[in-house]
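Trainee: Given next are the chains, with one letter for each unit.
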Amino acid sequence: MRMNLYHILGAKQFDRASLEDIFSLTKEMEQVEASGGSDRYKNKVMTTLFFEPSTRTRLSFESAMSRLGGKVIGTENASQFSSAIKGESLEDTIRIVSGYSDVIVMRHTDIGAAEKAAAVASVPIINAGDGAGEHPTQALLDIYTIEKELGQVDGLKIGMIGDLTYGRTVHSLSYLLANFNNVTIYYVAPENVLIPPYVKKYLEEKGIAYVETNDLEQVAANADVLYQTRIQKERFPSLEEYEKAQGKYVIDQSILDVMKEKAIILHPLPRAGEIAPEVDLDRRAAYFRQAQNGLYIRMSIIHKCFEKLGFVKNK
Amino acid sequence: MRMNLYHILGAKQFDRASLEDIFSLTKEMEQVEASGGSDRYKNKVMTTLFFEPSTRTRLSFESAMSRLGGKVIGTENASQFSSAIKGESLEDTIRIVSGYSDVIVMRHTDIGAAEKAAAVASVPIINAGDGAGEHPTQALLDIYTIEKELGQVDGLKIGMIGDLTYGRTVHSLSYLLANFNNVTIYYVAPENVLIPPYVKKYLEEKGIAYVETNDLEQVAANADVLYQTRIQKERFPSLEEYEKAQGKYVIDQSILDVMKEKAIILHPLPRAGEIAPEVDLDRRAAYFRQAQNGLYIRMSIIHKCFEKLGFVKNK
Amino acid sequence: MRMNLYHILGAKQFDRASLEDIFSLTKEMEQVEASGGSDRYKNKVMTTLFFEPSTRTRLSFESAMSRLGGKVIGTENASQFSSAIKGESLEDTIRIVSGYSDVIVMRHTDIGAAEKAAAVASVPIINAGDGAGEHPTQALLDIYTIEKELGQVDGLKIGMIGDLTYGRTVHSLSYLLANFNNVTIYYVAPENVLIPPYVKKYLEEKGIAYVETNDLEQVAANADVLYQTRIQKERFPSLEEYEKAQGKYVIDQSILDVMKEKAIILHPLPRAGEIAPEVDLDRRAAYFRQAQNGLYIRMSIIHKCFEKLGFVKNK
Chain A
1 MRMNLYHILG
11 AKQFDRASLE
21 DIFSLTKEME
31 QVEASGGSDR
41 YKNKVMTTLF
51 FEPSTRTRLS
61 FESAMSRLGG
71 KVIGTENASQ
81 FSSAIKGESL
91 EDTIRIVSGY
101 SDVIVMRHTD
111 IGAAEKAAAV
121 ASVPIINAGD
131 GAGEHPTQAL
141 LDIYTIEKEL
151 GQVDGLKIGM
161 IGDLTYGRTV
171 HSLSYLLANF
181 NNVTIYYVAP
191 ENVLIPPYVK
201 KYLEEKGIAY
211 VETNDLEQVA
221 ANADVLYQTR
231 IQKERFPSLE
241 EYEKAQGKYV
251 IDQSILDVMK
261 EKAIILHPLP
271 RAGEIAPEVD
281 LDRRAAYFRQ
291 AQNGLYIRMS
301 IIHKCFEKLG
311 FVKNK
Chain B
1 MRMNLYHILG
11 AKQFDRASLE
21 DIFSLTKEME
31 QVEASGGSDR
41 YKNKVMTTLF
51 FEPSTRTRLS
61 FESAMSRLGG
71 KVIGTENASQ
81 FSSAIKGESL
91 EDTIRIVSGY
101 SDVIVMRHTD
111 IGAAEKAAAV
121 ASVPIINAGD
131 GAGEHPTQAL
141 LDIYTIEKEL
151 GQVDGLKIGM
161 IGDLTYGRTV
171 HSLSYLLANF
181 NNVTIYYVAP
191 ENVLIPPYVK
201 KYLEEKGIAY
211 VETNDLEQVA
221 ANADVLYQTR
231 IQKERFPSLE
241 EYEKAQGKYV
251 IDQSILDVMK
261 EKAIILHPLP
271 RAGEIAPEVD
281 LDRRAAYFRQ
291 AQNGLYIRMS
301 IIHKCFEKLG
311 FVKNK
Chain C
1 MRMNLYHILG
11 AKQFDRASLE
21 DIFSLTKEME
31 QVEASGGSDR
41 YKNKVMTTLF
51 FEPSTRTRLS
61 FESAMSRLGG
71 KVIGTENASQ
81 FSSAIKGESL
91 EDTIRIVSGY
101 SDVIVMRHTD
111 IGAAEKAAAV
121 ASVPIINAGD
131 GAGEHPTQAL
141 LDIYTIEKEL
151 GQVDGLKIGM
161 IGDLTYGRTV
171 HSLSYLLANF
181 NNVTIYYVAP
191 ENVLIPPYVK
201 KYLEEKGIAY
211 VETNDLEQVA
221 ANADVLYQTR
231 IQKERFPSLE
241 EYEKAQGKYV
251 IDQSILDVMK
261 EKAIILHPLP
271 RAGEIAPEVD
281 LDRRAAYFRQ
291 AQNGLYIRMS
301 IIHKCFEKLG
311 FVKNK
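Protein chains in written order, with UniProt numbering: chain A, 1 to 315; chain B, 1 to 315; chain C, 1 to 315.
In short, the hints are calculated from the structure, not lab data.
With the C-beta cut set under 8 Å, the calculated list includes, among others, these residues of chain A facing chain B: (1) G37; (2) R56; (3) L59; (4) E62; (5) S63; (6) S66; (7) V72; (8) E76; (9) R230; (10) L269; (11) R271; (12) A272; (13) F288; (14) Q292; (15) L295.
Stretch by stretch, here's where chain B covers chain C in the computed footprint (C-beta under 8 Å, at least three residues): (16) 88-96; (17) 99-112.
All residues carry an ideal CB built from backbone N, CA and C; glycine is no exception.
Bound conformation, chain A alone (with noise of 0.2 Å):
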């Protein structure tokens, strides 16, 4: 397996110093979105291999390539992949896509995938998903939108709510946190949707802070950040369970009342009623902005791609 340094693959690739260089590029990246778009990659292309449908992600990958005045082509269904029905191994795939493409985004089914897709691709891959394993960037747009909102993330408390255990989401921003100092996690669950593990075993080698709670008032008083998450329908082994799980936590106007001045809710999105529409009127609702910033993001991380800054750590 050859060990490329520029793959986009899971959280647990970035430190302290990669994430403030990475967010430094982004907020030139703003200037650069702002001012009307740049036609510096306008010679390159970009593959979104999309095995899994995910519009909203894969559109903000296609404007950031946009943006940067690359050129974009790409599959949206899995299920219409010819090559995959013709039962194709997502390595031949890779390779063959790597030759027509200088960067593939890729969102898979499958846990591990991205990592077998960087182990044959010549070109980048960014992992926009693989299964119920991690969506890196999204936790980089989450971490950057809290670094945006409250100006730091040392020192801060974030719940995280909702379906904690297929929640790529809620995983790699855990990663991610571990990296900052004196951060205290509050996981809030439903008891079948529980936070895995292997993840609270990742934070307590890196020392950092978690509780689980049910008592989703009392976080609401104390967190600077909510993280609200989905209960992923799509993810569940049976209605049954994600009935128990479904309507359990919503934020809504009692919990805008517990809570603090200056602190912030986010959300991955979609949602699907597990936040109360007069919470959108509320300043401390920023998971529009947190959206926004995820194409800023994205701009970033193709940038660093092209320039194989080797901005990730070798794993």
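We have chain A already, so just place chains B and C on it with the hints.
Mentor: Frame of chain A; chains B and C shown alone:
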């Protein structure tokens, strides 16, 4: 609700002056296209959000954007629009995609979806069809074609044939015709798909003469424009209702024989048997020229959106 | 039927001189790609119309167009091609899409579809596969690869293995080989998917030697090129017929052991088990280099279409 002045939502938003303005610009766009396109909007991004497939309309918008130098991202299939599957509201989708785009072209299954989108969008929304509602750029290209082919719209007799209930193009076209003088509309439809009362009411308010009849031959003998439409199987409540309507009014040699020498035959396409093959060879068959005009109209509309030229009346 | 000279419909349209011309241009295209692409066709629009999904072929054409600076619009899925669903004829679709495009790349399920399209198109049609018919750009890249790897095509012994009935690539490749001198073709196929009589008849007319045999090992020992193909499950009339053909001829270490030192193994890909994993590590495994050549051949073909260089024989 914000009242943006540059969305393209329905035919009623255009007055005579704005139509003349658009058509004048469209003539320029024909020159731009003939001379090999432009780089003018090379840093702009159009997103095509199609919740219902419509390859022809989507490709014409994407080509129009490309001819103006712009970039296109998008999704071609509602049923795979993952965020929608996951229960996301249209408003959330639009809020987020706005941040990735300079203009959004949307096709949706529900009447009024374009208005809902425009209410929350931070970029122009172009309605590319909302269920049985409207399809304003189709109506613009229809009128543009009539004027280009026949020199004027005032004073013309226009027959509309086929599915006048579910066929949104005839609704939008009727609204646009209300801006012209001394126009007479003939509606020829199977009795289960008649022109709806609210369209007739609008024409009455505007003082536009119309006639409902089932005598296609007589209409053909008098009309300057025959606007044929497809009986849209997919919009009928039952197969039985569809079969009552299907095949009743076909334009064939017998119709050509009674038509005026200078008349034209239009069709929004696709067609499925309601125009006999021999008609294609007749000079009066203008539907392929009409389809081509769609490209120029859409170039013109996109240009207008970016220039925010205020050609749209406040509703 | 108009007889345009610049469509790419089938392998039979190429003669020796036109092949040499294309290959010479393809070598230039390798340089263009290596130097980071070109802006040459920045105002041109390619439409990829895929009535049958084929991600690999589509992406290679889209990348080729992008490398030449051009823009791409398209549809990746036949079953959602809305106009087709609505009963539109292929001819109508092509007439209209011609007006939005500078070149159309089409994949269709029906033999002869590309010819039908070319008959009404006002821009070049490139056949990217028509059912069990032809796939001429695949054959061009196959021959290009043979010449690049082995220095020449004249005088070579070429074994074609697998599904020779439904596998259109071996048909197109056989037709192209008829342009070379002193070539011998060995056909090795399960008895229910033999090479069709019309291919053999063509070779006989052109004086090309061929042998039908079921002794893969002997062919491997003599051949300069082993062209392996997948047994295409989706093209068989029944599962029973498929299972008779599947797994009969596999290239593995035992075949490598008898092959000549300078021979090569080709495969149009995707593959599904008919090449054993250990073969990938052998220098004679040329199929990934072959896939990469597809990009250069398609850049060359697109360039030819735009330049209308008349490299295609009148059929």
